[in-house]
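**Q** Sequence:
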Amino acid sequence: MAESWFNLVYCSENTDACYTELKKMFKRYDIVILVATKDIDMNKLLKELEKEFKNLIIEDIASGKELGVDYIIKLRRV
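The opening residue of the sequence shown carries number 346 in the working numbering; numbering runs sequentially from there.
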């Protein structure tokens, strides 16, 4: 599952759907906030994004456990 609101993308269960949604978001925004559960293969996802967007910067990574998610990541395309 992958859903987006403005420049925030929420992902759970499906890494490929998350990648597709993030790719769409980066066509509209330079900064995207990714909120994801542990079901997402974060290593695979970030590697795929870095291949697609050569100038991708991971600006901040935080735990979202208190919000019921595992990752909150700020991604910036320069």
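These aren't lab readings, by the way, just hints derived from the structure by calculation.
We put the beta carbon where it would ideally sit given N, CA and C, even for glycine.
Wrong hints could be hidden among the right ones.
Unchecked claim - Distance ranges between label pairs, derived from CB positions:
#1 Gly413 x Phe351: 26 to 32 Å
#2 Glu411 x Asp361: 26 to 32 Å
#3 Glu411 x Lys369: 25 to 31 Å
#4 Leu412 x Asn359: 17 to 23 Å
#5 Val423 x Glu358: 26 to 32 Å
#6 Val423 x Lys392: 16 to 22 Å
#7 Lys399 x Lys369: 14 to 20 Å
#8 Lys368 x Glu404: 24 to 30 Å
#9 Lys383 x Leu353: 25 to 31 Å
#10 Glu358 x Ile406: 26 to 32 Å
#11 Lys396 x Asn359: 16 to 22 Å
#12 Asp405 x Thr382: 14 to 20 Å
#13 Lys369 x Val423: 15 to 21 Å
#14 Gly413 x Asp375: 16 to 22 Å
**Q** Each hint should be assessed against the structure and marked as holding or not.
**A** Outcome of the hint check:
In this structure, glycine 413 and phenylalanine 351 break the distance hint of 26 to 32 Å, their C-beta atoms being roughly 20 Å apart. Roughly 28 Å separates the CB atoms of glutamate 411 and aspartate 361, a value that falls within the hinted 26 to 32 Å. The hinted range of 25 to 31 Å is satisfied by glutamate 411 and lysine 369, whose Cβ atoms lie roughly 29 Å apart. Separated by about 20 Å at the C-beta atoms, leucine 412 and asparagine 359 satisfy the suggested range of 17 to 23 Å.
Remark: the range hint 26 to 32 Å for valine 423 to glutamate 358 is upheld by a beta-carbon distance near 30 Å. As the Cβ distance of valine 423 to lysine 392 is approximately 18 Å, the hint placing it in 16 to 22 Å holds. In this structure the hint that lysine 399 and lysine 369 lie 14 to 20 Å apart at CB holds, the actual value being about 18 Å. Range check, lysine 368 to glutamate 404: Cβ separation about 18 Å, and the 24 to 30 Å hint is violated.
The beta-carbon spacing between lysine 383 and leucine 353, approximately 18 Å, falls outside the hinted interval of 25 to 31 Å. For glutamate 358 and isoleucine 406, the hinted distance range of 26 to 32 Å is not satisfied, since their beta carbons lie about 20 Å from each other. The hinted window of 16 to 22 Å between lysine 396 and asparagine 359 holds, with their beta carbons roughly 19 Å apart. Roughly 18 Å separates the CB atoms of aspartate 405 and threonine 382, a value that falls within the hinted 14 to 20 Å.
Our hint of 15 to 21 Å for lysine 369 and valine 423 holds, since their Cβ atoms are close to 19 Å apart. Distance hint for glycine 413 and aspartate 375: a CB-CB separation of about 28 Å, inconsistent with the stated range 16 to 22 Å.
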